[in-house]
Every structure is written in structure tokens, then in C-alpha cells.
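Mind assembling these two chains? They're in different frames, but the hints should get you there.
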Amino acid sequence: MVDVSQHNLVPEHSVLDNGGVEAVLEDYGVDRTDLPKITRRDPALPDEAEVGDVIEIRRDSRTADNALVYRLVVDS
Amino acid sequence: MSDQTPKEIGSVSFGLMDPETYREISATKIITADTYDDDGYPIDMGLMDPRLGVIDPGLECRTCGKHSGSCNGHFGHIELAAPVIHVGFAKLMRRLLRGTCRECSRLLLTEEGMDELRSRLVRTQQLGEDPQDVLKAAIRQARKTDRCPYCASEQYEVKHEKPTTYYEVQDVLVGDYPEKMAAAMQPGGSGDEESGDTGATSPQELAEETGIDLSRINEILSGEFRPRPEDRQSIEEALDVDLTEEDMNKLMPSDIRDWFEDVPNEDLEVLGIDAESSRPEWMVLTVLPVPPVTARPSITLDNGQRSEDDLTHKLVDIIRINQRFMENREAGAPQLIIEDLWELLQYHVTTFMDNEISGTPPARHRSGRPLKTLSQRLKGKEGRFRGSLSGKRVNFSARTVISPDPTLSLNEVGVPERVASEMTQTMNVNLQNLEDARRYVSNGPVGHPGANYVQRPDGRRLKVTEKNCEELAEKVQAGWEVNRHLVDGDIVIFNRQPSLHRMSIMAHEVVVMPYHTFRLNTTVCPPYNADFDGDEMNMHALQNEEARAEARVLMRVQEQILSPRFGENIIGAIQDHISGTYLLTHRNPQFNKTQALDLLRATQVDELPAADGENDTGEAYWSGRTLFSELLPEDLDLEFTSSAGDEVIIEDGQLIEGTIDEDAVGAFGGEVVDRVIKTDGSTRARVLINEVAALAMRAIMHFGFSLGIDDESIPGAAEEQIDEAIDNAYDRVEELITTYEADELESLPGRTVDETLEMKIMQTLGKARDSAGDIAEDHFADDNPAVIMAESGARGSLLNLTQMAACVGQQAVRGERINRGYEDRTLSHYEPNDLSAEAHGFVEHSYRGGLDPQEFFFHAMGGREGLVDTAVRTSKSGYLQRRLINALSELETQYDGTVRDTRDTVVQFEFGEDGTSPVQVSSGEENAIDVDAIADRVVEAEFDAEGSEAVAAAARPTNLSERADDRSAGLDLPPAAEAATGGVNDDD
Ligand SMILES: [Mg+2]
Ligand SMILES: [Zn+2]
Ligand SMILES: [Zn+2]
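Heads up: the sequence lines are chains A and B, in that order. Residue numbers for the first sequence follow this note's numbering, beginning at 3 and rising by one. Residue numbers for the second sequence follow this note's numbering, beginning at 522 and rising by one.
Honestly, the hints are just simulated from the structure, not real lab data. A few of these clues could be false.
Unchecked claim - Below are the EDC-like pairs computed for lysine to aspartate or glutamate, each with C-alpha atoms no more than 16 Å apart in a straight line: (1) A:Lys39 / B:Asp651; (2) B:Lys701 / B:Asp651; (3) A:Lys39 / B:Glu650; (4) B:Lys1288 / B:Asp1275; (5) B:Lys900 / B:Glu877; (6) B:Lys1288 / B:Glu1344; (7) A:Lys39 / B:Asp1156; (8) B:Lys1199 / B:Asp1156; (9) A:Lys39 / B:Glu877; (10) B:Lys893 / B:Asp830.
Chain B with its partners taken away, still in its complex shape (with noise of 0.2 Å):
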């Protein structure tokens, strides 16, 4: 166990490896492709050898020692025939081969190129810039070079044929150069046409020309003698022929080991490459490292059959080649031969690593699947990093169902029992808790609030169950741990995915339910996203106590109500609770003592404020504004306009005028919750929102509310009013239909005269949809359920109304009439040509009065496109997201204010040019931060604490459980509510 003491990582360092070190790691060469003898006994020097760990339980080590589990296994090696290039660094190779020389292989650079170089890698190395830059520049720079600046020999170009091939391009003297020569010398031939002497070059001015003694020239001619590339290239300018042909010679790998041998250290320092730590010539391969069996382990059938990992699979093939390769060489093969099995081994030796490489067949399995090899396993969403490291399967999760329940507070989750007794919690037992202790193990694992573990303090880990759970109880002692169930008041974290932002996870407090789903407050669906429509949620149990207090202080949902966004609370009254508002306060309805009663019910308000008056018949009564102003704080002083449009005054925690609608204390920026949340707290804004909420339902359930296909009807004569508002419209089209024709429309300005006809027809249509719904909305009362909704701001628009009741108006695909269907026409119901609006997916009827076949098959056309455009846009802006997030996830604000990377580069010098959290500011537009009224605040605070020392005020409790909360925010329980909860709460 000495080795599993806590160490510290003081560097990694990445480089590669010599093969020299791959041997001496190795615990035994592998020199057989066999895995397992008769007996199923693994082979000695086979790739199942021993030596190379253990995978199969009670077998021991035969390098460690150790048993499976605790042997991480261990290298072994295959010693090549020939070496082979390593893919990974096939571009890299390509690079040092066209940047050095072929003969001394020097860096083509002259030492000034080479200082520079030096001293622009410090640079780059400063300013954290990639160096691969300076290498590629580097050998930019080299590939110009003709002749080695240090030897003087003529460079190549190198060609690279992926993935593992390399080419010398010679230009070399063609085998037919006396012809090509004599040809050029005859009249008429290719002399020099420009110098005028269109007829013979003689050998003697040839000689004269290029300054070759003409016994050489005549040498030449003859075909006794090669010329050299000196003097091949004055003949070829003298005659201007072409006596050279591309030579493609290839570089085996052992030609390029060579090669990179002789690459000097510092010629490699400069190219940005440790030489220390890695030798070029490392990248070609003359020793394969076989990863341990841990690493690709077989499994056994249920017909007892083994079946090997991939990897194995690949292995075996390498070492079946690069045998045959071994026997072939022996045996005199022709080169033919062996240049195809060293292909071949090439071939295996790249899959191996990397079986996805393009313009290679991916090496298969039998069955004609891709073989999964090394870098597959790394790459990708469900690779190692991805898929194993950044991102696994946890324990103590569940995922179920969401519904809602507006009896919970928001900062509550329902957790089935179902879930609550498969998650645990451990306790420590102690003398304070022991009781409860024993009393979670004596339920047993079944009965809720039970236990399902419990640990000794020698470590050993009992499981409760039905039988033992008596028994057990009475054993737990102080010292113990005892896994129990989850209870009401633990704390939990709650996710939707997709998690696009900080909201989507926040930490709930547990209330156990019976049924099978998750269960929520409906103010919490605006940050999560959701909707009851069949959505799932994941619930993840906390393990340990510093999670646990993180959890409950920084991620509890009552912490998340102002979203970071825009400094405004995401979390809010919604829909019916904005409705319920709205009805209560818009045309304030006054309510005798049984009804005001009733409405407060659900909260926490326990009595009636004084009432507002009598009516007729002597009976008290109290206002909705009055009922709704209990919930308020008492020093509440807001005035702001409503969505409904009128002036809302708040004084002294008095609704004195205005409507309560979205504006007030919806999501997305309510007045009153934000300033409530920005002057009592996050607590206090808490139970406005959970009470605004039960307030609301109340509220609604009252008046009872409801829509149905009567509530969008309008009488006869308005919608004659409207079907001649249309009919207008039709004629205006017909008109412009019309001057179009007779090629009199007059173009608007940068457009063309078709775009004009469009455009004017559209606005024409437009404004009859508009006109005919104003028709409408005259004929609609202000009691009407969909006008509340509208204008509260609760759900829908006045335009959702308009085409309910009136008209639907024109379909569009890509912001244009509907123009796609047949040739020249949309649909065969209509002539070819037709411009009318009937034609183009204009929609006369409205929803309530049904549309004609021609108008829902627009309909849907335009509906199409809505659908093909939220699918696109989700899976660009999820990858927009996720690249997003990994460029920004190491960004942090350190406690100077400034923001910086890991490498402590400045990235803001001040967190958001003004070092404020946004959702710490006031969110008004003007007067960001209302001074004076704060200067109010803390001298009020201060005349209040007089008498007591000090003067600063207690911090805000937040790291409680909601009930302690409650209690500190001067919010008793009754009494008989604190008592059900009480002793099994109090354990955190």
C-alpha cells in the first residue's frame, strides 16, 4: 500500500521513445502469434504471455507478482524485421526530410537563418504562441535551398504519397539523350528561334556555346558518354531541349533512419525539437511495444470460446508478417518480394495505431467490421477522453419523469420513494445521532427512511437487509457509518439536459413522494427548460459533507433566481400564475372574509389584514390588491408600468394601483421580484415567488378560467366585416396584378420590378391579416380568457388571437409567398402563372373557421420549415456551445479582478471592464446604481439598530434548510409542521 500514498505531479514531459528504453521496459520479446495452447494455458513469448500481467482472476503475475486488479500489466516487444514509419508522425518526417540535407543532413539553413531562428522560438515560446509555427516557417524557409550550405550537394524535392510513402524527385539524364540532341542540332530543329539562325547548331558551336571541348561534345553526341548536370544543363539551355525525365526514387524507412541519424542536435534545437528527449530517427519504428493484456483483455464466451481483443487481433497479424518477412529475407527472396511484405508490415504497423486514415483500406474483422485500434479508442465522443474521462457513469444518480406540484417550495424537488431508497447519504454515527442511526438500519432496506449499508470502523462493509436489519441496529455503535435513505430536507442536485447554462443544474432539497416521477414547482420549468410534456430529469445524491455545504450555499435553485445573463430573475411567476395575478389585481374584485381566507390559504400568511370596507348589505370585504400587498415586503416602494399598460404604484408594501402581471413578478425580469431580491434577499425573494405562486392559483381557481372554441368567435357582422376587409385586400392585389401586367409598376429603389410586385402584394396581404384582426379584437371583451392572456403576458399574443378568430394570413417559406410546387405554378388547382394570393399561400380563413385543402397545405409548407429550422439551429448552436465552453473553461477571475488563462495570460483586466457581477447590479437602464436609495437603506438601518452596537447587518442566511430559513426570516411554521419535520431534518 506504500505506493498509494498521495504524490505530487512536479511535470509531465512528452516526448518519444527510444527504442533502446522499449526494450529494457519490456518484460518479454513476443516472437509467436499464438495466444493460448490446447489447454487454454497462455504461450510463453506469445502475445497471452504471463509476463505481460494477469487478467483472469487468481492467477498470479509473473513480472509483479501481483493478482489481477492489482497488476496494471506490463509492456512486452516485438523486435521488427525491418522498420516501419510510425503514422503519427508521417507529417512531421515529411518535414525534416525536405527541411535537412540528403547527404550531410544538416538543417538547410545558414547560421544567421539559424540564430534567427533561435531567437524567434524564445519568442514564440513568451508570447505562448503555438512553435510549431517557427518549425513550419523553419522549413519553409530550407525547401527553398538548392545546394546544402554546409556540403554543397544538390537537394531533391521530397514527395510524400500518404500515409507512410516517401519520394526523392530526381531530374535524371533521359536514356535516348544522343537522339534528342542531334534532332535539336538539325535545321529547323528547336535552335533558338529568337537569335534568327533557324538552321543547324554544328557540334563546334555547341562546344563554343556552352564551353565543353568539342571532343567531349562529339563524345556525347555519339552516346559514349553521359554529360554531368553541369553540362547537361548548358546544352539543355544552348539547344533548349528537355534531356531529363523525373525520377521517383523512393526512401525505404531504413534509408530514412539513416538519414535522420545524422541530423546534428543543435540543428534540431532549432526546429523547436528537445534532441534529449526526441530523436527524429525514433520516429521510425524498428521495435513495436505490445500493450500489456490489461490493456486489450479477452473475454470468454458463453460456449467457452475466447474472443480477443482488436488490438490482439492486429497484433497477431503484425507479427505473422513480419515473420514471413524474416524467412523470406533468409531464403534469398527476390527485392520484389520483400519490398511487398515490408509493405505489408508497414500496412499493419500503421492500422495498428490508427485505422481510420484516408486513402488506406481499414484493416477488418472477420465479420467485415473496422477494427478498433489505438487511436480509435482515443478519438471522439465516446473515446477515452471524451467519452471515459471528461464525461462517465456516476453512481448515486437517478433519472425519471417530471411532473409538476405547486405545493412544493421552488427550492424543492419530489423524489419518488422509489429513488429515495436506492440514493444514500452516509452518517457518521456519532453519540448526538445514534439514535436515528439505528432507527434508519432497523426499517431495513425496504421501509422508507431506511438504510442499505453499514460500515464498521474496521472498514467492513455490511449490507442491511430485511432479515438482519434488527439485529443489525442494535450493533451500530458511535464510530459507525450507516448508509441511510434519502430523507425530506437533504439536499440534491437536479439537471435537464441539455445543461446550457449555469441554471440547468442547481441543487434542490429533497421531499420524498409516492408515485414514480420527479416532481417540481412550475417556476423552476423557465431555467431548466422544461415542460411536463413526457420530459426526463437526472437527480444526482451528494457524498460528502463539503458538497454537500457547496451545494446548499451556491447551487441551491433560491441562489439562482437572477440569471447571469442579464442581471434579471429567470425565475418568476409563468402562464396560469400570471393569469391568476391578473384577474386578482386588474379590476381589483373585492372578496368577503370566506374568499380572502381561501385565497391566502396556501401561503404563509395566517391573517387577514384589516378589511377595506363593507358593501350593501354591511359585509366586509377585502380587495384582490389588498390580498395580493400581504405577500409584499412591508418597506416595498415600486412603481413601474405594467404589460397590461397601466401604472403600477407600490408604497410601503402597498399595491396601491396597477396590475400584477408579467411585468411585476413574472420570469424574465419581474419588477417586483428583482427589486425584492436585490434589497431582502435571495430568502425573502424566495418565499414572494413560492407565495405569488400559491396566491395565483388560488386566484385563478376562484375565478375559474378556461378557453374553448367559443371564446375566439366573433358575430356574424364583424366577420362580414372582415371577409370585405379581404376582399379589399384581393382587389388591391388584383390592381397591382394588373399594372404589372402592363409593365407600368414602377420598381422601388434597388429592386427589381418582380421583387416590387412581391414585396407590395405582401405588405398589401399583411396589412389585411392586421385590419381584419383589429376587426376582431374589437368584438372581444376584456374578459375574454385568450385577450387576459395576451395582455397579461401570461401565454400567446394578440396576433395568436387574430388568427384564431379572424384570419391566418400568408404562409411563407424563406420569407417569400409560397413559390415552389409545379412548373410555374404552386399547386394544379391553379392556372400556370397565376400571381393571385390565393395562389401564393395566402390563408383568408381563420383557425376556428377551418382552412381549405389549398390553405392547410400551405399551412403546412410554412409549418415545415418552422420544424427543419429549430432542428437545424439546435445541432449548430450545440456545437457552437461545446466549442465555446472549451475555449473558455479555463478562463478564471483571480482576486485581483483580472481574468486569466491558465498560463496566467490577461484576458480582462477587469472581469467584464467594471469588475461588478451582473447579477449584483441594479438591472434599470438608467441610474445603474441608484445611490441615493441605498444611502437611505443604511442610514434607516442605522436610526433602526440604534440602541444595539452593530450597526452592519447579520449575514443573510442562506446555507440553512428551508425551514431553518424560514424561521430566521421571521417566518414561523405553525408550530405542528415544525414538529413532523423536526429531529430527522436536523442531521445535516
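Chain A on its own, in the form it takes in the complex (with noise of 0.2 Å):
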């Protein structure tokens, strides 16, 4: 099976400990919920993420370097 983690396009995912969620969710004055979601399930997602956690995504951009995204994973 391909990992499609691994692939080049697909950005860097990583499970954001407490602090850091904490630290997002003062940032931007938002709730967990109100965070764009991402799938259990999705292939990109690291082994370890669960239900609840929050990833940050870090993306290659052509303007700002790279651009950071913070997604909650949810079931289904």
C-alpha cells in the first residue's frame, strides 16, 4: 500500500498537544468546534490522531512561505 503521507503534495500533518490547541483556540477566539474538521479515516492524518484532537497542517505557500491550518478530526 502507498502511504499517502509520505507523498510530496500532501502537507505536513501533525497532532497539536494541549498547550498548542490552547494556545490556537485563545488565538483565533474560537471554540474546538468551530475549527474546520478533518476525518478519522482521512490518509493523511499520522497514526496516532484521535477523534477530539486538534492537527495543525503546514502548507507550502508561494506568497507567505508556508501557510498553517488547524483542523479538529471527527468521526465519520
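Pasting the structure below:
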């Protein structure tokens, strides 16, 4: 099987620790549930990601070097 | 008037309505289907009862006492003789019937299951997902339960026959069960064969196997006793027979209502239903609300006859059936008749709410037209939401044909006098503009610029007529309002459909003109995607100061020069403008003083630069590039490759060398325009585009530019060469065919031999056309107008030229050579299975030379495909557009840079991932942000500003009328022009 997460077009997905999550939520003034979602079955997710985790996605950006996006792992 | 003070809506909650509430708010009970009596008065407790509101002017509402117009109408009600189902909730009712117990009405889930659902519901709410999904999952789970976990009664399948019939499917004992059992017990009957004994089963054995008393078995076999369901099952198992049949037990609406009444509130909560506001039994109607007459006004026809609204017709039907039902029931009519009437009542109530239900014949008008009932009033494009609320017809708008006017600024629009004197702007008269206001009024409604209405401070509106205008003008005082005609400099909104992007609606300044079309500068054609082959456009006159200010600052054409789609200019030189600048700069021609002045006369340049030199006769001359440079900002430095292929060098605002063509000043990414707007602002860019267009028009008129048949003709020798090239190609195609027919053609990887042949033929013929084009091209001079247009990017391509002069080439349908028509051939002119080029749509002639009949036919086939494609594409993309707009319309960039929807869910953490607007960043591929250049500019500005205190440059003027802009941009108008427009313009 191909590990999609290693493909060079798939940006880096990492699980954010609790402190990181707090900081992000504080930063944007949102609840965890207001974040964009990603399903638990998404092949780009690291293996340890569980429902309720917040994932940090680091994308390459032509204009901003890299762009950070946060997503909440949800069921289904 | 006290009820018209502004109020804030705290919340809106949707739910079902309690029948008791209907009765309470009802103005009257409706008992008779009649509407008006013989004298034309509405009948009491009829469908037009005056307590339901008034529509006839002069009458008084019997409920609220108001007159028509201020009385909104009041609901009445019909007491239904028997409960009926509300079609709108048929699906939810089916779910509830399947998910609740038929005996005790509890949700068929254990306490644990309910707890899980409760927490899932909370989660769903937090994540902003659809609670409907939870309900669906709950019902799916509950449906699996065979026995109620609370009262242990058996549950049956519920069948839903659309739209409003429900059955319980029960397995019941067949009538001839003793016979069936006896047959199964006979030897050779359907006894259990795998156990080996194919022989008979005795009652004794059966009793042992099933654990039923032998006496009871005998009683069952004799038909004296009906086995209980459990016993029946074990007998069925033992004998391997089916003793049941399906019985469809219809659930009447009254049964369903009883069933739902017992569903406990707590169980509903688990399903996401708020029992406080929506008890499920309310989905079964016992009382029907009757909409107020204001919602179904009757109209009086010319012959004095009244014509009733469709809803009224439907209500009449309902009341009639309702009455018949009651009469029949009281008379003790047989059950069958009662049920028929019940069904009829259900049908009428159903179609009253929705007359487009699949499987139900729509209720029709006498004329056969289907009735437009409640749902049809709301649904679809012409429905209340899309037709009356989201989109409605407006006042102060005008529509007419558009035509070009190169003398207008791109910010302006020529408005016909007829339109200008119909559309008005409200002037608040004060001491400063009193003179003007009086002048407008005294001009009357016909003279332009005049006024159509005035409003006194007491709110009274007076129409200005030709008779009273002089008199009225005297009376106008400060504090009055005057609705004056549109005049030059007013701001209006201009739009061309389809409005596919932001630039389809832009604000223009009015220039009032004679004749009957809107006039626009040709440089604004690309954003509107307009041409002048009969296109019409809409204009909206703005009606308050806020709107006018916003339009001027945000929507004016010059603010839309850069497209947010690709970050480059969408407004710029097009077509003849580009040919014009090309002619002016490509070979850098020389002009004497008269010519130079003539070229620049349409621009604001009023002084010639120093001459470039003297010609042989000693006359001073100016080069085309020098003249063009007059339009450029003084500090412009730029280098790029033109679309004609040469290097363009601009230094200090002087065009040193290179051709100015599409890549320099064109719409869709002209380098010069792009640079100027990004460094000098939109006002300067607007001036540049206007002047480039004006100069280009003078230039193209100076040289003269036309295209005729002869411009595509080539010498006879060249024609022979082309014929030879095509003949060669034919030979090669012939060779390919021979190889193919000899089964010697080798297929390309992944292709069949047939496909390979087709591909190779297409390739060969494609090359033939190209080489024909090359030959033709060699014989066109550089000053050939078609070549100039293709090279400069003004219009057309070398392919177009090739097709005109040399060879039209292969016609294709669906990307293949033409293969359709008769059996095994395209046309009857050819042998069957002819694979040659000419038999499959290769057009060897040129447009100029003329096509032969077969070629013409093939060409039409290819052309038709193009037309069909565009037609299909537009309808598809229109729908896609609508869906995208609906999905994205509520997204908004917040002050913290995030993009969120209305529920505050984050969609992007930074707008576009970099927080930059595509129109504010440099559009170059490399070094997206030219830091050095910015630093240079800042430092320079710093030194320039020496002495003066403020380093920060003054904000760019954008919210002024065009002429005021010109003044602040240092481009003073000649005093005469200013005087001509002064005064009238300044009331903005
Ligand atoms: Mg058109
Ligand atoms: Zn009323
Ligand atoms: Zn039960």
C-alpha cells in the first residue's frame, strides 16, 4: 500500500499537544468545534491522531512561505 | 403608528402549531363554502368573511378595524370532520411510526441507547452538523427492535405508501392452516428431508418436537383452535411450512394521532424534537388554518364577475368534502363510503399544501390548469423566496441598447436624455443649493435638467408639471426636497447580465447625451463582456448619499481595473487600440508637427515635447515612441518582451525601444497598465488607459487600417506550392491506408490499429495545413493588416490567416475526423469505407478560395458542434455558478484576518492562506514582492518630502468626481471645460 502521507503533495500533518491547542483557540477566539474538520479516516492523518485531536497542517505557500491550518479530527 | 417603531428580532423559532393555538388565533370558524351572497356581500363564516381582513378599499376590517392596506388580514379555521395527515411531515411521521412502540408509543431503544443518542445530539450541535442525521440513525437503530424493551409487545413493519398512507404489515395465520399442516405431515410432504425421515409425521411426533400438548395439536389440526403466534412458529419450524400471510392493516390518521399522543416528551428529545414547541400528534391535522383573504385576494374581471384565487378554490373543495363527510357519518353511512370520503378529504388537504406531489394527480382548475397552491407559491425561481424576496423589480432603473463612444472616459456612461429625465436624484434643498434647486424645478419635468417631484417639509409630495413648474420653483425653500433629473457627474450603477463576477456591476459617472442608447468607452467591454451587436445593459440611479459615496469609493470603474481573479488589469486597450499603438511604435514612424499635434489632440497633453530631430527637408519630426511616451508617468522604468517579440525598454517615462502592443497596454495583463496602477494608483491608471485609447484611435486613423479580400491573397506560385504540399499529404495518407489495408500498419502503444490509422492521418493532414500556412505566411508583408492584428495581439491569429489564405484544414466532430452520416460513409458522394482525407472532412481549400459543396457540409458539421458546446456550457456553468454562490455567499473575512461563515466556524485561518489581496500584490511570476523597488520608492519619497513635515504621502483621491480627480492629479482641465461643467456638478 502507498502511504499517502509521504507523498510530496500532501502537506505535513501533526497532532497538536494540549498547550498548542489552547494557544490556537485563544489566538482565534474560537471553540474547538469551530475549527475546520478532518475525518479520522483521512489517510493524510498521522496514526496516533484520535477523534477530538487538533491537527496542525503546514502547507507550502508561494506568497507566505508556509501557511498553518488547524483541523479538528471528527468521526465519520 | 406606534407599532412601526424599529424593533430588533431576538430570535426566530420554528415548530409545529398546536391546534388549540389555531383555534385561539382564528378570527372565525369557516363553515360554508359560499363566498359572496347575491348582492355581492361576503357571507358570514364563509371563505370571504370580513373578519379575515379586507381587500376592497373603503371597507373596514371586522377584526381590527383597519382599512385595506393597513390590515394584514387574519387567519380563520376549518374544523376538519376527521383528522388528516400533513403531507409536509409524511417522512417524519413514517420515521416516528417505525421507531416507536405500537402499544406504548415509547422509542424502541434501551436507556443506554437513548443516553448515547443524547450525547451524540450534543456533539452534533457543537460541530454544527445536521441533527437530522442523528434522528435518522436513531430510527435505523430502533427499527431493528422486534419487541418493545418497555412493554414487550411485538412490533410490525410499517409501510408507507406515498404520499400519506401508512400500513402495518402483520404476519397473520392463513385460513386453511389445518389443511396446510396435514399436507405437510403426509409422507412426501415438505417434512425435514435432511433428517432422513421422508415419511409422515405423526401428531405425537409433532407434539414432542414443538413441546405443545398432543391434545392441543389435535385441536389445532381439526381447526378448532388457532395456534398462538409462538406455537405457530414452532410448528412452522418443525414442519417447514409457511402458515402465515402478510396482512396490510391500514393506519387511519386517527390511529396515528392516538399513537403519537402517547410518545413521551423525553423520548422525543432524544430524536432532537423539542416537544414543547412540536408535539408529533400536531402533524395530524384536526383543524385547518384558513389564510386571510389578503393572501388570496379575489379579482373583479372587466365583466363584473369575480375571479377567485387558487387557494380559495381549494378551500371550497375542502369545505364541501368536509360537510359531506359529516353528513354521511351522521346518517350512518357504511364504512366503505366513509373511508372514501376520508381519502378525498385527505387528497384536498394534501393538494392545498402541495400540488406537485409525485404519484398524486394535481388538482386542476376548470380550464385544466393545475392549481397554484401553498408550496407552489414559495418554491422555485418565480416563488416567494427567489422571485419576490431575493430578487424583485426595482424603481430608478433603466435598460437600453449600448453603443460605443471613444470620447467618454472609461469611468463615464452616456445616458440618453429620456432616461436622465425619468431617473431622479433627491436634492435636500439648503441655502447653498437653493438657486440650483429652483432652476431644476423651473425647467419642469420635460426640460433637461429639470425635476419631477418636490416634497415640502410637511411631507407632502407635489408633482412638477409643465404648467406649475415656474410657480413651484418660486415656492421652493431650504428644507424642501427636489427630485431632480440626472445630470453630468452623477454616479449610477451599470450592469450587464450575466453578472458572473464583481466587474459585471460597476459605478459610472453620468454624461447626459442625445439619442436612445447607453454609451460606453470601449475599454470597459472586457469586464462586462459586452459588445455592440444589440447588447442591452441596465442602469440604476442611487437613492441616498451613503449609497452614492460607497459606489464612488468602491464600485467606480477605475477601482475595478485590476481583476481579483488573476491580479492583473482586466481593463485596458483592446482591438483597434492595440493595432493603433502597434502602428505608432513598432517601426517608430516620424511625424511632422501638425501630425504630432493631431495625434495628441484627443489626449490631455497640450504641449509637444522637444522634437526628435529634423528630416531631410529640415522639418522637425517627432517619433511615434516619443509621442507615446508623453502619456507615461515620468518616473516609469520597465523592461519586458512585447507580444510582437521585441524587447520593450522604458526609462524615466520614455519609451526607448520596443513595440507597444497587447502585452504593454492590453486588457488581461498589460505590463504598463499593471505597473502604473500598482505604483501610481487607479486614478493615474485610468488617465493612462483613457489616453492610450484616445492616442491609439488617432494613430490608427492617421495610418488608416482596413482588411479586405485582397489582403489574404497570395501569388499563384505560392498557391501551387500549397497545392503541392497538400497533394504530398494526400499521397502519404494514401500510403497509410494501403499499409493499413495490407494489415501491415503497426499500432501505437495502447491503441488499436484503427485508432493508429486515424491518428496518423490526422497528424499528416495537420502538418499539411501547417505547412500550407507557413508557405502563405512567407508571402504576407509585415504591414499586412491581418498580420499586424495577429502579431500585436489585437485580434485573430496566424491560424485564422492560414485558414483564410491557404487551407481550412481538417474538420472534426468530437475530436475525430467526421465519421457520421450514411452507412459506412459520410456522404453519398463517396464509396463505402473510403478512408481518404476528402471523404472524412478535410477541407483543402481556403476560405478566400471557397469551399466545394462537400467541404462546406463538413465545415457546417464542425461548426455546429461548436455552437452546441457553447449552449450546453453556458447552461451548465450557470447552474454551477448558482450553487457556488449559495455555498460561499455567507463567508466573510473578519478583522482578525480569518474567513468565517455566519456560525463563526473558521473556513480559512488567513484569507487566501497569505492574507493578501490578489489585486494588491505584484503580479510578476518571480520575486512576487519587489522589496528593493519599494525601498527605493520610499527613500526617494523621503528625500522629495524634505522640508515638508509629513513623509507619508497624502491619501490618493478616489472619491471625487472625475473632473475633481483630474485636478488633484495635476492634470488641470482647460479653464473653459471646467467652467462649462461647474456648478451643476458640485452638489455631490
Ligand atoms: Mg453581444
Ligand atoms: Zn384586520
Ligand atoms: Zn411498548
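Outcome of the hint check:
1. A:Lys39 / B:Asp651: 14 Å, holds
2. B:Lys701 / B:Asp651: Distance of about 52 Å is beyond 16 Å: violated.
3. A:Lys39 / B:Glu650: 11 Å, holds
4. B:Lys1288 / B:Asp1275: With a Cα-Cα distance of about 20 Å, the restraint between B:Lys1288 and B:Asp1275 is violated, given a limit of 16 Å.
5. B:Lys900 / B:Glu877: Distance ~11 Å between B:Lys900 and B:Glu877 Cα, so the pair holds.
6. B:Lys1288 / B:Glu1344: Outside the cut-off at roughly 29 Å; violated.
7. A:Lys39 / B:Asp1156: 50 Å, violated
8. B:Lys1199 / B:Asp1156: 13 Å, holds
9. A:Lys39 / B:Glu877: 38 Å, violated
10. B:Lys893 / B:Asp830: 9 Å, holds
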